[in-house]
Each structure stands twice: as structure tokens, then as C-alpha cells.
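Colleague: One letter stands for each residue in the lines below.
6 protein chains.
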Amino acid sequence: MATTRPVADPEADLRVKAVFDDIRATRQTDFINNLWRHLAFDPALLERTWAEVKALMATPSSLDPLTKELVYIAVSIVNGCSYCVHSHTAAARAKGMTAVQHAELMALVALAAKTNQLATALQVPVDAVFDAGT
Amino acid sequence: MATTRPVADPEADLRVKAVFDDIRATRQTDFINNLWRHLAFDPALLERTWAEVKALMATPSSLDPLTKELVYIAVSIVNGCSYCVHSHTAAARAKGMTAVQHAELMALVALAAKTNQLATALQVPVDAVFDAGT
Amino acid sequence: MATTRPVADPEADLRVKAVFDDIRATRQTDFINNLWRHLAFDPALLERTWAEVKALMATPSSLDPLTKELVYIAVSIVNGCSYCVHSHTAAARAKGMTAVQHAELMALVALAAKTNQLATALQVPVDAVFDAGT
Amino acid sequence: MATTRPVADPEADLRVKAVFDDIRATRQTDFINNLWRHLAFDPALLERTWAEVKALMATPSSLDPLTKELVYIAVSIVNGCSYCVHSHTAAARAKGMTAVQHAELMALVALAAKTNQLATALQVPVDAVFDAGT
Amino acid sequence: MATTRPVADPEADLRVKAVFDDIRATRQTDFINNLWRHLAFDPALLERTWAEVKALMATPSSLDPLTKELVYIAVSIVNGCSYCVHSHTAAARAKGMTAVQHAELMALVALAAKTNQLATALQVPVDAVFDAGT
Amino acid sequence: MATTRPVADPEADLRVKAVFDDIRATRQTDFINNLWRHLAFDPALLERTWAEVKALMATPSSLDPLTKELVYIAVSIVNGCSYCVHSHTAAARAKGMTAVQHAELMALVALAAKTNQLATALQVPVDAVFDAGT
Chain A
607 MATTRPVADP EADLRVKAVF DDIRATRQTD FINNLWRHLA FDPALLERTW AEVKALMATP
667 SSLDPLTKEL VYIAVSIVNG CSYCVHSHTA AARAKGMTAV QHAELMALVA LAAKTNQLAT
727 ALQVPVDAVF DAGT
Chain B
607 MATTRPVADP EADLRVKAVF DDIRATRQTD FINNLWRHLA FDPALLERTW AEVKALMATP
667 SSLDPLTKEL VYIAVSIVNG CSYCVHSHTA AARAKGMTAV QHAELMALVA LAAKTNQLAT
727 ALQVPVDAVF DAGT
Chain C
607 MATTRPVADP EADLRVKAVF DDIRATRQTD FINNLWRHLA FDPALLERTW AEVKALMATP
667 SSLDPLTKEL VYIAVSIVNG CSYCVHSHTA AARAKGMTAV QHAELMALVA LAAKTNQLAT
727 ALQVPVDAVF DAGT
Chain D
607 MATTRPVADP EADLRVKAVF DDIRATRQTD FINNLWRHLA FDPALLERTW AEVKALMATP
667 SSLDPLTKEL VYIAVSIVNG CSYCVHSHTA AARAKGMTAV QHAELMALVA LAAKTNQLAT
727 ALQVPVDAVF DAGT
Chain E
607 MATTRPVADP EADLRVKAVF DDIRATRQTD FINNLWRHLA FDPALLERTW AEVKALMATP
667 SSLDPLTKEL VYIAVSIVNG CSYCVHSHTA AARAKGMTAV QHAELMALVA LAAKTNQLAT
727 ALQVPVDAVF DAGT
Chain F
607 MATTRPVADP EADLRVKAVF DDIRATRQTD FINNLWRHLA FDPALLERTW AEVKALMATP
667 SSLDPLTKEL VYIAVSIVNG CSYCVHSHTA AARAKGMTAV QHAELMALVA LAAKTNQLAT
727 ALQVPVDAVF DAGT
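Protein chains in written order, with this note's numbering: chain A, 607 to 740; chain B, 607 to 740; chain C, 607 to 740; chain D, 607 to 740; chain E, 607 to 740; chain F, 607 to 740.
In isolation and in its complexed conformation, chain A is listed as follows (with noise of 0.2 angstroms):
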């Protein structure tokens, strides 16, 4: 199921054939998964998106390429994003990361989560010391 009809022949659009072939390039791999499949009904959206995706984790920079796929996988699971938890975890796989670390991500996250509630349940104030605004 999905709210929009994917493309019947999405590369008959030259800017949706320019983005997928530089999915394909950058990704060395002819497989273009389903969210840009389905982003092509829109090609402007489609560029932009790939492009903002494209410069943050497939660019060099000052977090490598695996710890930005844990962040992802981390804020997706929050988000309840059933499909990019899954498509972040298989990237995350591809670049490296081990059974131990998807358990830890696993249980970091639900760490997180949990003392999120219980700061959130006390309504604790915000020490002074933490403040970096002043």
C-alpha cells in the first residue's frame, strides 16, 4: 500500500533518470529502493531530498560514515518510521556494523528513551551548569 502510485516508467523523466543514476553512481549498485521509487511522483521533491541525503551521509565529514547511520537508525526507531528502520539498518550493515553494535544501538536507544520519560515525568529543571547560552 502506499498514498501515491509509483511512476510507471519513473526514468522517462530526465531529472528523476539524473537523480537515480546518481544513486546508482554513488552507491555503486543498480538497485534504487522504494522511497525514491516513490518520491519520483514528485521530481523537484525528489532532487531536493536526494540531494540534502546525498551531501550529509555520502559526503566525508566530521562524524564517519557509520556513526551517521546509527544516528539515523536511532531518530527513525523514535519517529516509528518502519521503513527507514529498515532501510537504515541494512545501510548501517553495509557499512560495517556488527551484530554487538546493533545491540547496543538497540538498547542505547531504549536507554535514552527511558530517561527521557523519567526526566520528562519529574519535570526536573535544567541545571545552570549546563547552560551554554549565556
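I should point out that these hints are in silico values taken from the structure, not numbers from a laboratory.
As the structure is a computational prediction, the values presented were derived from the model and not from experiment.
Incorrect hints may have been included.
Identical copies go unnamed one by one, so any copy, or any two together, can satisfy a pair.
30 angstroms max Cα-Cα, derived BS3-like pairs, lysine-lysine [claimed, not checked]: (1) K701 / K623; (2) K701 / K660; (3) K660 / K623.
Fit chains B, C, D, E and F to the known structure of chain A by using the hints.
Modeller: Same frame as chain A, now just chains B, C, D, E and F:
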């Protein structure tokens, strides 16, 4: 403001004192932040929470200490826990997070939240290739 | 799958039949979607929920019908309600949402989620000028 | 701070006065908390909201009053509603919640949030035996 | 689908077997639901998670067993955890939840979510009287 | 409080100055709100964020400016972003939102959140007719 009254002299309770002592020893500081002070209203809850945080966050593991803090911040942002965002941003800085990494973490959490919404809006079906379960 | 068993012949209950009749009359269709069929396990809950939906969504008001559906979709996306994203996307289309508007709505929800995370990550203090409360 | 200006003399509006009088009578107190004062900017919204809260929270039902407050607090914590966590924690105490129960509620919400994240991270398929829908 | 491959013969691992045996003994059933089967990919995570669930959910405490399940369902709904809503609704039924109580719980969670949104939309300041912290 | 120190003289950085100048020109005001001042700690993040906000919110499109602000407020409420609720409520007022529309928006977000919880609690299967994907 808070939903519980901070205990006047929390370390008069020996279980609370033992936890606070362990926090000080583990973190090598005299500072006990408000979350622990507020949790002291229930020594058992304090003990269990600290034991779990210590085991995951203050023990060498398959993820390095800074990565763990980055994941913790990410979860705390998505859960909207103001206290936790403050405390773990401070912790990440203490473990070496640079301003460039901080900015990149924010951009990453923001991007993940963005594509989470797109995938949920599209109700994209999960690609079969992502399934590790069968 | 579901957490309640759909009632075998829901309209045997006169209260359920009255609600279903009103849904059909209001929407000018014979189709009753699954949410109402499942809510029929408790006629009072069904009545109250439909009354509220009808009053806000099927009654002329200060916001036009399409705008109301767009807001409904936005909330449903952020809450991660798959059923609601599907049903309200269909409803928005029935009320004239174009593919361009759909893409723009997605981009907008994604952008709002993104800046929400940035503001929460930064813990930006609210500008005094935004305060309407004093 | 707030996004609406509190009405200067809200009870000059007879509909607002009727709601405030009913709140005072129902709760047997002269105190009207800020949520109702702020909702008074729109008397119809105030009326409908109070009617619903009164019907569920101040009317004998299949769940006892304290259980209802505990559920209310739990939802408010997960939704990150600071105001609601404060007001319903106070309400739960007024209805007899002990410090031990408060601590247990927090531990329970934290545990549920934890296993929610684990199940979402694992994308565990629902056991057929849990399906009540067929 | 799932993000981890279920272990083929999980009870070949003695730590997993011990947890599964304890689940069976505690719940007096031979049935092990999928969450535990999937967590078996990491025996330490399985052990810690079950120990915590058992301590809170299967041990007499200040909250009765049904109340604890109701709170668990509420948190799971707001977190959008499909698996958890299913498993804890089944558990609540096993502990005596009636259809009337189920309907009331849904109405309650829905009402709490509603007033959470109103308070957040209004940015209502917390009444001083609710502050337990000073 | 904040997690980053506001830059003392942000417009000494020419990239920051260019963004601030564009904000002033686009909005026809001298006022730069705190989100932009805080984002100035990373000029690249500031530039990208403003470019995206400007492209969607300050450029004529298929959705009118007020509708876009209403959707922005809705998302910000559900994400619990206090800063964003404040800033976009002010923006919506500046674009003509009346008090009646504001009240209706709140009622609508609250209703959507309510039915989101009901559909999630019931785990209602999506009607085949809503599927646009096949």
C-alpha cells in the same frame, strides 16, 4: 518547577549516598546533576537507573563514548526532552564533541526527521531486500 | 490484524446503524471505512467520535475543507498513524488536493519537522515578541 | 509566555462563567487552573473541552479515578506536555497517589517506552495469536 | 519482516534457554512471543530486558496488574508501537480487561492526547500551585 | 538557556550577514528572531536552513501562505516544539489568522491527535480503497 520535592538531605539515605558516591567516582567530579537529585525521592528507582546508565554509558563497549552521546542527544531531541538535550550536549562536549560535529549532528537529526516524515507520508512499502527476518 | 474483533452485523445495533446512516448521508456514499466499523464495538465511543469528526470536518467553518484535511494529514504523519495518513490523503484528494499540493504538503511537513528538531537541539529561548500572554 | 492573551475578565462572558462555575462545583474548589483560563479565548472550545474532560474524568466509570489519572499522566509524559504532566500529577496526588505509586508509574512508563523502542528497532512481526480482528 | 534474523534454534544457547524457561514458568504457558524470540539475537539484551519486565510487570507492587497493563498500552499507543499495542492489549485481556474498560481506555488516551495538544498549542504557563519542587 | 553560545557579533561573518540581510529583505522587518541568531554558530547550517524555509514559506506556491503556516503550527504542536509553536503562531497572525481560525486549528489538531490514538489503539487495517500504490 518539578513534580516531586527534592529530598532535603538526600545523602542521609545510605542507598542514595552510595549512588551519589559512585556517580562522583565514575565521572571524577563532585557535581551531581538534578536528574539524580530528583530521582532520590525513590532510592530503588535511583539505583536501577544509575546502574543502567553506568553500564551502557560509562563502560567500554563496541561503540565509542562520543558516538554513544551523539545517539543519546538524537533520541532526546526527537523525544523533546529539554533536560536531556541539555545534559547530554554538555556530556558530549566533555567527551570531545566539536562545534562542527555538533552542527553536523543537528543537521543529521533534522534530515532523518525529514525523510521519516516523507516515508510516512508516502507510506512507502519496505523493499524485500531490507528484510533480515526470513 | 486488529485489537478488537469487528462486530459481525454492526447495524443490528440501532445506535451503530444511526451513526452509519449519518456517515452515508453526510458523505453521500455507501462506503463505511474500517475505523467506524471497528469503533462499533462500543456504540457510545462510536457516536461521540463521529459527532466530533462531523462537527469539525463536515460543517462549514472558518477554515476551508481542503485546508482542514491538509492539517489532518500533517498531524497524522507526525503521530505515525498509518491508517489516518491513508484515509485522510484519500479524503484530501476527494476534496481536490492536486499532486502538486500533495508534494508541497509533504515538503512542508518535512521542513517543519526539520526546524522543530533544530530548535529543540539548540534549546532556543522564545523571543519576547512572540509572547501573546502578557 | 503563551500564544494567546488571557481574557481580562473571562467570567464576564456567560458561557465562560457557566463552565468555570461547573468546574468549581465539580471539583469542589474555587481554583481554576490556567488551561481553562487560556481556553476561555474561545468559549465554544472551552465548553466542549470541559464537557469531555468532565464526562471521562469526573464521572464514575469502569476505571477508578486514580487509574484514569495514572493513564493521563503516562500519555502526557510521552507526548512531552509539561503543563499536563504537572496538572495531572497534582490531580493524581489529590486522588491518593502515594510516592511509591508515583515512582512505580515513572518506572512503568520508562519501561514501556524502552520496550516500544526495542520492538520498533527489531520490527518484530505481530504474533498471530495477538490478532483479535479475524 | 524484521531487522534481525530470528535465531534458528535459540534455546541451544543456555542463556536464552534460561530466559525462555523463566518466561514460561512466570506466565504459566508454553508460548514465547516474537519479541523475546527476536531479542535472542543478543542474549545479554534478552536477559536484561526480561529481568526488567518481570520485575515490574510480574511482581506484586503498589499498582495492580491490570492497571499496569493499561498504562503500558497507553504508552505504546502514543509511541505508535504496533507490536506493543497488540501484545499488551492481549495481556490486559488475559488479566481481566473488559470490552467496556478497553473502550474507556481508548477514550481516555484519546482525550489526554487531545488536551496535550491544546496545552501545547496554547503554551499554557504552569500554575504555581502545581509545583512540588520548591 | 541554550545548548550553544550565541555568537557575539554574528554579522561580522559575511555569510551570516548575507543570510540576515536576506531575512530582513524577505520579511520586510529589521527583526531577526532567535532561531537564526542561534543557528549562526554554523554559517553553512544557517544558510541551508534559511534557503529551505525561504523557498517553501516565502515563495508563492500551490498552497496559500496562511495554510502553510497552519500546517507548520500543527506539526510543531505534535512535535512539542515550544519555540516553533510560538514563532509560527506569531507568523500565522501576521498573515491574517483570526482568533476564530486559531481556535479551530487547535480543535482540529486535537481531534486529529484523538483519532490517531483511536486508530492506533484499534490497529485498524487500512481499507483497500485507500491504497493508491497499486
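Colleague: Against each hint, give a clear statement of whether it holds in the structure.
Modeller: Status of each hint after checking the structure:
With identical chains, the CA atoms of K701 and K623 are at most 30 angstroms apart within one copy only, with a shortest distance of 26 angstroms there and 32 angstroms across copies. Taking the shortest Cα distances, K701 and K660 sit within 30 angstroms of each other both inside one copy (15 angstroms) and across copies (28 angstroms). For the homomeric pair K660 and K623, the shortest alpha-carbon distances inside one copy (16 angstroms) and between copies (27 angstroms) are both at most 30 angstroms.
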